[in-house]
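Asker: Below, each chain spelled out in residue letters.
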Amino acid sequence: MIPLSHADWTDAMPKDFVSDKLARRRLRHVKERIIEFILFLAASVSVATTLGIVLILLKESFVFFRIVSLWDFLTDTQWTPLFADAHYGIMPLLSGTLVSSAVALLVAIPLGTIIAIYLSEFAPFSVREVAKPFLELLGGIPTIVYGYFALMFVTPLLQKIIPGLPGFNLLSAGLVMGIMIIPYVSSVSEDAMRAVPMALREGSYAMGATRFQTATRVVTPAAFSGIAAAYILGISRAVGETMILAVAAGMQPNLTWNPLEPAATITAYIVQVALGDLPHGSIGYQTIFAAGLTLALLTLFFNVLGHLLRKRYRQVY
Amino acid sequence: MSDTAVRVQEIRALIAAHKRWDIVFGIVGLLALMVGVLTFAVLFIQMVIDGAPRLSWDFFTSFPSRRPGQAGILSAWVGSTLVMLVTAMVAVPLGVGAGVYLEEYAPKNWMTDLIEINVSNLAGVPSIVYGLLALSLFVYQFGFGQSILTAGLTLALLILPVVIVATREAIRSIPGAIREGAYALGATKWQTTSDHILPYARGGILTGVIIGMSRAIGETAPVITIGALTFIAFLPPAPVSSEFPYLSFEWIMSPFTVMPIQMFNWTSRPEAAFQHNAAAAGLVLVVMTLSMNALAIYLRYRLRKNLKW
Amino acid sequence: MVSTAAPEISAAAAAEPAPVKKAESKSLSFYYGDFQALKNISMPIYDKKVTALIGPSGCGKSTYLRCFNRMHDLYPGNRYDGQIMLYPDNTNLLNPAVDPIEVRMRISMVFQKPNPFPKSIYENVAYGLRVRGERKRAILDEKVEEALRGAALWDEVKDRLHELAFNLSGGQQQRLCIARALATDPEILLFDEPTSALDPIATASIEQLLADLKEKLTILIVTHNMQQAARVSDYTAYMYLGELIEFGVTDTIFIKPRNKQTEDYITGRFG
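Protein chains in written order, with my numbering: chain A, 1 to 317; chain B, 1 to 309; chain C, 1 to 271.
In short, the hints are calculated from the structure, not lab data. Only true hints are included.
When the alpha-carbon atoms are kept at most 20 Å apart in a straight line, the in silico PhoX-like pairs for lysine-lysine are as follows:
| # | chain 1 | residue 1 | chain 2 | residue 2 |
| --- | --- | --- | --- | --- |
| 1 | C | Lys158 | C | Lys119 |
| 2 | C | Lys216 | C | Lys48 |
| 3 | C | Lys119 | A | Lys311 |
| 4 | C | Lys216 | C | Lys21 |
| 5 | A | Lys21 | B | Lys189 |
| 6 | C | Lys214 | C | Lys143 |
| 7 | C | Lys21 | C | Lys214 |
| 8 | B | Lys189 | A | Lys31 |
| 9 | A | Lys132 | B | Lys305 |
| 10 | A | Lys21 | A | Lys31 |
| 11 | C | Lys119 | C | Lys143 |
| 12 | C | Lys158 | C | Lys143 |
Computed spacing ranges between beta-carbons, pair by pair:
| # | chain 1 | residue 1 | chain 2 | residue 2 | range |
| --- | --- | --- | --- | --- | --- |
| 13 | C | Gly58 | B | Glu180 | 26 to 32 Å |
| 14 | C | Leu241 | B | Val35 | 50 to 56 Å |
| 15 | A | Leu297 | B | Tyr140 | 19 to 25 Å |
| 16 | A | Leu309 | C | Asp199 | 32 to 38 Å |
| 17 | C | Glu146 | A | Val54 | 55 to 61 Å |
| 18 | C | Asp199 | B | Ala41 | 56 to 62 Å |
| 19 | C | Val98 | A | Val127 | 23 to 29 Å |
| 20 | A | Ala195 | B | Val35 | 24 to 30 Å |
| 21 | C | Gly133 | B | Ala272 | 56 to 62 Å |
| 22 | A | Ala23 | C | Gly58 | 56 to 62 Å |
| 23 | A | Ala195 | C | Val98 | 30 to 36 Å |
| 24 | C | Gln36 | B | Tyr183 | 41 to 47 Å |
| 25 | C | Asp199 | B | Glu180 | 31 to 37 Å |
C-beta: ideal position from N, C-alpha, C; glycine also.
Given only the sequences and the hints, what does the whole structure look like? Please build it.
Answerer: In structure tokens, the structure reads:
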């Protein structure tokens, strides 16, 4: 075959062949842009969700706060929106949430951290290979099942140790919730520790440090910001957990700091209202959004706190 | 004794003292792990003891009833299945699309940063808050009511971050050389993505979807919040019929209940007989979520083993 | 092909008082799983001298160095064969009964890339002392200053001891790592290509430091840089494919190597 020069080549082509090719290329370009736009829309759904959450909580709470003053909401010590003598003090729900979360974190943070350090620095390969998926399974159990376990097993057990413990109590729910949160704390912490470069560990071992010294003095501080993120995740889980508390801690608002008492949390209250038949637009209906807003702000508060703590710590040491 | 010998003596004493902590922590770590193992074992055994006697064919084919001995989970498992169907149909395309966009298409700008921060923050939002969003937006604003559609959409939003993160990780593990190879043959971005990136990332995406779905199937709080009923003694209209037009989407707007709600309902009854029903439903739920999770873990394990770029 | 020259008979060494052995590897072999990385290496390490290990990459020089403080014990599947004797107490470092921590407390190491801990400058240097249980502030202060002076870093950092070590330059970080190793008075200091990540000026300061340090301790250094070996070391070992090809007084090795292969490598014809 004789090689054609460029000019020959274009001349040799029929006119409509070239324009056909150009048209197809343009079409292809348009198609590519459309696909990109569709994918972009899919990605922006997450932003829309956040915006939706913020707007709806604010909008519905705004209706609520037109009737109930913010001062009453924050200072009233009773929460009885569904009674004839209605009070709208968030404190009782807040105390239930904070006490149960504190109990849960007292279980989850130490155990989760110890497990993370153990798996990352101590455990033989075989133990780690079995333990990690197992913990993941533990975190995958539906919380309603944990709730049943707290109510039907842990509470009767605790009643044998603590006589007079009521059937609904924050302690039992908090303990079980703590166990439920362990996998979240341990897996995120462990990931952070594994991300610490081997060179740092070698540096420590080369100085004659033991495993324990290397783990506590070098690896843990180096992974601190990741571990802090794990704690924040644990706190968020605890504060936002619903079913364990609705089942095992009761739904009675109770301003108490005593984990041995029954008390409703913010989340349990929302469930209680949703189970009933409140008309859309009534003050009772609006209360769950005010409660939800409080919950969201609480979570936000802990997240911001964690963020600041991490920033601060990084500078100091 | 020479200096060196003294020094070695000191060092040995020191090591003996310090090494004790290694041993102590080794034991403490193992004990901490055992707390998890033991809790799980007790929980599972308790469920089996309480619930296993109730598990029978009738339990799966009966509606809930006032008489605990005759109550079953028919409406609950049918409801769960249909809700999951909607959730998967919404969450998978959206999540995979978002993941592909963020990994392959997104320019480096503030919008992309915003989306990324959003995805990670959404994962920390309490699930009940999604319920509130859905209650106001889907149930009332959009007028979907307390339907399977509303529940499916709510749970889809809830598991979206899981699917997005899994998709991104799966895509990120594909080496750039694969992309370059496709581009070098004149493929467009979308051709590269759909012919190469997505098929190779399939395993990782599937793992993420399964984990997300297993979470959705056990979620109770947001579904209660949108006002799902706790006692339902009928099934939604069948999606397939023998008459024209054969397919029906009426079910999507039907009231429903789901497994975890059925269990919650029975748990909150005072009679012991209902507690046994709750345990039986819980057992079904646990076996379902555990097998889904186990499948995901197995898939990931196999992927990691086979994947050698 | 092993022709380990006994340095005692070399002319240069004969002029000085006979060197004292600080350590010695005897028929040392090392395996990563099934792969034999070191083959039967016997070689003395002389007290208060600098011994350089050279050879093309993959020759096993770093592997050999890391045997001296049992770094390989950190990873599963590694196996030693043979002995490393430490004098004057005649301890076999590789003896399973000897705790690797004991070895590391006597023999310290500086790595290829500076690896300061995410702590302050002060705490980095004090780390080895704290690991040994030292709590007294006065002693810590004194030792930290001494070590930083020893690493020629004191003047540069004395006003910011409590700043994060990451804020230092690469060369300063490496000197900090040297100070960290010095603070616990090691008998031998191992250097694994300590200047490969540094610029020429920082390299020069580390080399100067090596010359000062050998007054007090024994140094074993791996280097990929032949000029560096020639500049800083008293003895040089040339390794290839896990074997020791030639060992001798540095001047002899560089001027008149006995082995053709060593000569090819040193003159740059190969490697």
